[in-house]
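The whole structure should be built from the sequences, with the hints applied where relevant.
If you read the sequences in order, they're chains A and B. Just remember that the numbering used here sits 65 ahead of the position in the first sequence, which is counted from 1. Just remember that the numbering used here sits 889 ahead of the position in the second sequence, which is counted from 1.
Derived from the structure by calculation, the hints contain no laboratory data. Each hint can be trusted.
Facing chain A, according to a computed beta carbon distance under 10 Å, are these residues of chain B, among others:
1. V893
2. L900
3. L901
4. V907
5. L949
6. G951
7. T961
8. G999
9. I1006
10. E1007
11. S1009
12. A1014
Computed far set for chain B versus chain A, every beta-carbon distance over 10 Å:
13. G977
14. F980
15. D982
16. L1036
17. F1049
We put the CB at the ideal spot given by N, CA and C, even for glycine.
Each chain is listed here by its residues.
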Amino acid sequence: MPDPARLPKSIFLVRTGGWLGRFLAVFLARHRTELLLLVALVLPFAAGSGADPHVAGGLIGLVPTASAAVLAGDDAGGWKEMSDRLLLENADLRSRLLALGGPAGLKARDTAWWEDNPIRIEARVIARDASPFRGSLLVSAGSREGVRPGAPVVVGQALLGIVTSVGARSSSVRLVSDPGQRIWAMVFEGGVESQGYVEGMGSGAIGMHLISTEAAVVEGPVFSAGEDGVLPRGLLIGRVSRAEDLDRNGVAEVEVGPEVDPARVGFVNILVSQ
Amino acid sequence: MRFVRVILLLLLFTLVTVRFPPGLVERGLTPLWLFLPALLFGFVSPPGTAALFGWSCGALFGVFSIEPFGVTAFLYAVAAWFIAHVRGSFFSDHPVTQGLTAFVFSLLVGSFELLRIEISSPALAFWPNFSRLLLMAVLTGAVFPVLWSAERRAGLLAGFREVESRVRA
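What follows is the structure, given as structure tokens:
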């Protein structure tokens, strides 16, 4: 045990009047590095807004809320949650507005599915993919809440991704922008429906290969076509941001700007049919 | 307690990685956070220890990624092991060589990851993402000498250094 008299003065937070003081001084001297690391690790959780049932994801999931609380005051955690919910509601309203004034072909064929009103399970985003080239989320709803693999994950009526694996109380979601994702989709231009598939390019970008197209696509919303047996028809994927002309094989390459920015999403809805 | 501080260090870097995931930060540019401690072990520990802790960093990364578990762990372990083997042949105490080594190995590890994605997924992901990887490797190379210097001053990895273990032996 180090001699307290030879320890640096800066660690004597308590004057060594008794055995407790000496013990604290020696303990601080021995373990100050560990204590500093522990403080750095625990600080973001200090103002956490409640326990999360998940083990790893729960800890991580607390951080954004807790950090905001530390920076902005006691109620910041609550404001962050409210802001996330408002974003979700806003996206929902925008999607409904788009559907109301959207392409006629979409409305007629799509309403049946929406009127069936699949169950919407609200889930919180508790972790995001650590890889710079992949896109996935861990969300706080699993098989206990009724989530199944293949379920679409939406914000409003905008598609964010698809559930790939399900745990008891959490699920993994592969985003539309993940390079492993490929979805059959459609885009309307001048009343003409063109179909193709969208695939993630990594780093948030989405590409679309239009196969059955008669019109030159320059803009417009891109929806899921619902013909791959995985997704329902009419989920908004994004908007055409750049388009190229048809090549010799009749395929047009289109860049799609995603409708939802996963970095800003705090809550999502998982759609489960009844 | 020396293991406790290493575990705390790894958890801290994991938190930073998941809190500021590179794919989601504005412009997607951050250092490869969890690769930094793997590099650090490669620079100060014997090859076996470096490989073990490099693997741990990659495994923590893999827990929070949709990548198949073990791929990143293997890459980080090999990188840390290799650096531990070759660091004696260059000026490993100089910030410039440290930065360059961190840059080169970040680029290599990232390129392997991108190649794996390119081969296994339908999308062509290598070249669209390579410029971003290049900038992230530059950032990793810039941050690493600072981390190395901080570790030296704080003595974070005391007990894991090769010199000390040789002295004990």
